[in-house]
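A.B. asks: All chains, please: the whole structure from these sequences, using the hints.
So the sequences go chain by chain: A and B.
The first sequence finishes on residue 382 if you use the numbering used here, and the numbering steps up by one all the way, no holes.
The second sequence finishes on residue 1104 if you use the numbering used here, and the numbering steps up by one all the way, no holes.
Hints were generated in silico from the structure; no laboratory data involved.
Check each hint, because a few of them may be wrong.
[Unchecked claim] Keeping only pairs whose Cα atoms sit at most 16 Å apart, straight-line, the calculated EDC-like set for lysine to aspartate or glutamate is: (1) A:K58 to B:D994; (2) B:K637 to A:D139; (3) B:K964 to B:D830; (4) A:K58 to A:E68; (5) A:K55 to B:D994; (6) B:K808 to B:E793; (7) B:K580 to B:D1049; (8) A:K55 to A:D67; (9) B:K583 to B:D1049; (10) A:K55 to A:E69; (11) B:K637 to B:E718; (12) B:K964 to B:E852; (13) B:K964 to B:E954; (14) A:K58 to B:E718; (15) B:K637 to A:D140.
This one's a predicted model, so the numbers in the text were calculated from it and none came from an experiment.
The residues making up each chain are set out below.
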Amino acid sequence: MGAFILRRTGVMILTALCLTFVVFFLTNLFPNLEKLAKTQGNARMTDEEVVSWLDSNGYGGPMILRYGEWLGVVPGWTREDEETGEITGRCIDFGMDPADAPTRCGLLQGDLGFSTVSDDEVGNIIGGRLQLTGILMFWAFALMVPAALLVGVLAGMREGSRLDRSLSTFSIASTATPEYVSGVIFIVFLASSTTGLSPMLVELGWLDSGTLFLGSARSAMENITFWNFFLPVVTIALYGMGYIARMTRASMAEVMTAQYIRTARLKGVNFRSIVMKHALRNALIAPFTVIMLQFPWLLTGVVIVETLFNYNGFGWTMVQAASNNDIELLLACSIVAVFVVLVTQLISDIGYVFLNPRIRIA
Amino acid sequence: MKDFTHVQAETGLATHPVAEMYAQEHKAGKLDRREFLVRSTALGLSAAAAYSLIGATPAAADGHRAVPAAGGTLRIQQEVRALKDPRTYDWSQMANITRGFVEYLIQYNEDGSFEGVLLDSWEANEDATVYTLNLRQGVMWNNGDAFTAEDVAANFIGWCDSTVEGNSMSTRMGGLVDPDTGVAREGAIEVVDDHTVRVTYPAPDITLIPGIADYPSAVQHRDLIGTNPADHGVGTGAYEITNYEVGVSATLTRKADHEYWGETYLDEIVFVDLGQDPAAWFAGAESDEFDMTYETVGEFVDLFAAIGWTQSEVTTAATVVIRPNQNNAPYDDVRVRQAIAMAVDNQVCLDLGINGQGITAQNHHVCPIHPEYADVPALAFDPDGARALLEESGNADFEFELISIDDDYRKNTTDAVGAQLRDAGFNVTRTIIPGSTFWNDWANYPFSSTNWNHRELGVQVLNLAYRSGVPWNESGFANEEFDTLLDQANGIQDADARREIMAQIETIMVNEGVTIQPYWRSLFRHYKAGIVNADMHPKFEINVHYLGFEA
Chain A
21 MGAFILRRTG VMILTALCLT FVVFFLTNLF PNLEKLAKTQ GNARMTDEEV VSWLDSNGYG
81 GPMILRYGEW LGVVPGWTRE DEETGEITGR CIDFGMDPAD APTRCGLLQG DLGFSTVSDD
141 EVGNIIGGRL QLTGILMFWA FALMVPAALL VGVLAGMREG SRLDRSLSTF SIASTATPEY
201 VSGVIFIVFL ASSTTGLSPM LVELGWLDSG TLFLGSARSA MENITFWNFF LPVVTIALYG
261 MGYIARMTRA SMAEVMTAQY IRTARLKGVN FRSIVMKHAL RNALIAPFTV IMLQFPWLLT
321 GVVIVETLFN YNGFGWTMVQ AASNNDIELL LACSIVAVFV VLVTQLISDI GYVFLNPRIR
381 IA
Chain B
554 MKDFTHVQAE TGLATHPVAE MYAQEHKAGK LDRREFLVRS TALGLSAAAA YSLIGATPAA
614 ADGHRAVPAA GGTLRIQQEV RALKDPRTYD WSQMANITRG FVEYLIQYNE DGSFEGVLLD
674 SWEANEDATV YTLNLRQGVM WNNGDAFTAE DVAANFIGWC DSTVEGNSMS TRMGGLVDPD
734 TGVAREGAIE VVDDHTVRVT YPAPDITLIP GIADYPSAVQ HRDLIGTNPA DHGVGTGAYE
794 ITNYEVGVSA TLTRKADHEY WGETYLDEIV FVDLGQDPAA WFAGAESDEF DMTYETVGEF
854 VDLFAAIGWT QSEVTTAATV VIRPNQNNAP YDDVRVRQAI AMAVDNQVCL DLGINGQGIT
914 AQNHHVCPIH PEYADVPALA FDPDGARALL EESGNADFEF ELISIDDDYR KNTTDAVGAQ
974 LRDAGFNVTR TIIPGSTFWN DWANYPFSST NWNHRELGVQ VLNLAYRSGV PWNESGFANE
1034 EFDTLLDQAN GIQDADARRE IMAQIETIMV NEGVTIQPYW RSLFRHYKAG IVNADMHPKF
1094 EINVHYLGFE A
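C.D. replies: Put into structure tokens, the structure is as follows:
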């Protein structure tokens, strides 16, 4: 087991290196850098000036070396101004004495760089944003997993029944509706004071004024309530829920046809205790992997939902970074995304071994 | 009660020979009331004196602000951008936040009059070459220093420094800048005594007062010129920044142990950035995320009114220009520019771009509400003629890349222009660039749209945007005759006399096809009932010191 985890970790680091290099390569393509130079320097630069700006700001040189600098394995660039003798460099902060600056500053040293749009260190920005997304993900999971398992088990215990058919239809519909559709539908029906449910409730006198749910989750960043946070959570949860429910149903239906269940029924054990005591445990092994695999899926959902509901978490930051050519912030976001995906994969592999004794990892 | 009219009635000029001439013009129907107020208060008359010259009494809203109750937190939906040296501000939102602590010498009011903030009063000599600025007494910086004439002089010298990249104040300073050295002319700014500054122009100039009321003219401490106010927090205002997260929110809190010279009401103001999409603003309003919009645009004007928010409207010289940049081929060819202008019907842009919320304009960027407006028509709408002209210039197959920002009326108007160009047989590609990135390079796109804020006088925007080589000259227009005429117009006080020159200037603008400037916008703002002094300002200004909740 220890050797397996070690090997997996090794593979993980290698994958992370490859993926970050791909992102680094794409964000550091010349047109992007040219845009950056014109944004940060002077918008009227000529091509030669762009090249010289890039050179003097550490964007010259071979890309592999710059990737090394960003990782923190290659010493950061330094450059002495020919006229003033002023020394600038990757690791020399504004106003810092060049002699005090560290030689390397990159990912390994915990320095994620500087965000051009936010005018702040990436490290300062991304921490709080991740926390916000963490809260959103937690509640999405807390809603999605129990609901999906319940739906799946109810549907799977009597395959082909009316209950199964209706629950299956529901889960297929929810999986087939992407977040950007369901989110908008929810806002229209539940969070608008002019259409949908809210004006009806107001007319009936059950609601004072305004809307039932809030169509913007901005206030949830400080103070989460059911009314300001339910819509983003349910929008994310619904998409993953259908899929998990379908997997649980398949697994449950398979278990329900097993020999030992038939034996138990023939012995006259009541249906309720067959499902609860005998079938459920075995049926939940397959959905576990699916649930772990939902993490990467949720990351994409978070990008859409956070933008839609104006919740300034990690996904929103990624959209802002990408659309404003904020290279270092985007790289930091991709690191986080890669890390989340790989770690959940590892957890799911290890967890599977514990749940299913038939699988052995040498 | 905060009654500036009263204060000014005591200290401002009672009358001025030129103002009396304006009063005559007003009575003869040549100047409307707003124009009269702008011009006479710019000469140093108090608003009350100006009103008395024309035998009118100020309306309740003019010069008298309601007094809100003390205390409370107000949330304003507005973009929160990275701050920088105020001289280089290119966005009035930045100033709306910093106005809470770095204040201005003069402010421009919704009714078109000027009012002293850090200035007590000011007066111009007869030919508008010498301005005497009298500072308000008893104003303190929040670091304990007294606000003196030295501060004002240091700021003027800073504003005049055209060697600072992106310093748009240097163009507003006009003749105070020595064209040879690029900094303030020797002796142009004199400290007379602790509370008096004298500014001397080499030639008559009427744009000083509007210039120092504009949003990049925030007054910094004498030792902190050229710094970012967010870094040091030193100012004369009552507030301080307690939280600043670009793109998310900013908070101003009343600064403890700083005695503000005036009255202020709110304890805290939060600026909430909900991005560039007005649909998100509306969702935010329905979710009670804020109490007041920075600006409400397009169809959302009706929607905000429908959910019961109070609407405030002001008609302005704010506009959008869709301009080719003449430094790029083929826009250096006047035929191509004319063809573009002829292919576009400005009424269509008004209807599709802003739901008809405004009036059509004639592509010369001088508005009927400007005193010197001359009625010069745009080139006639003629798609066939446009196509013929384009073919004649040899650019029939050229692919026109038309760039705009990603949302609201600017995109819609640009789309309307693009569609009309296509109808006329132009080969058009539309490119849309997201909000924060768009502005980084706005002046240099070959063919793009830009929104321009309201300015008080017609010559002002021409000085800023169309004079050869100025930083905001986004059309790359360089025309010696135009520059010469503009110099002349800048020195003429009389509206009628200036109008003759303006007619020539406007004709050049139209005939050179400098820009498509399709309409003048009405501006809207919405706020919840019970909020006081939050009315829409023609220049989007928000002075947090005045805001508050109904007493």
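A.B. asks: Out of the numbered hints, which ones does the structure contradict?
C.D. replies: Hint check: nothing fails, all pass.
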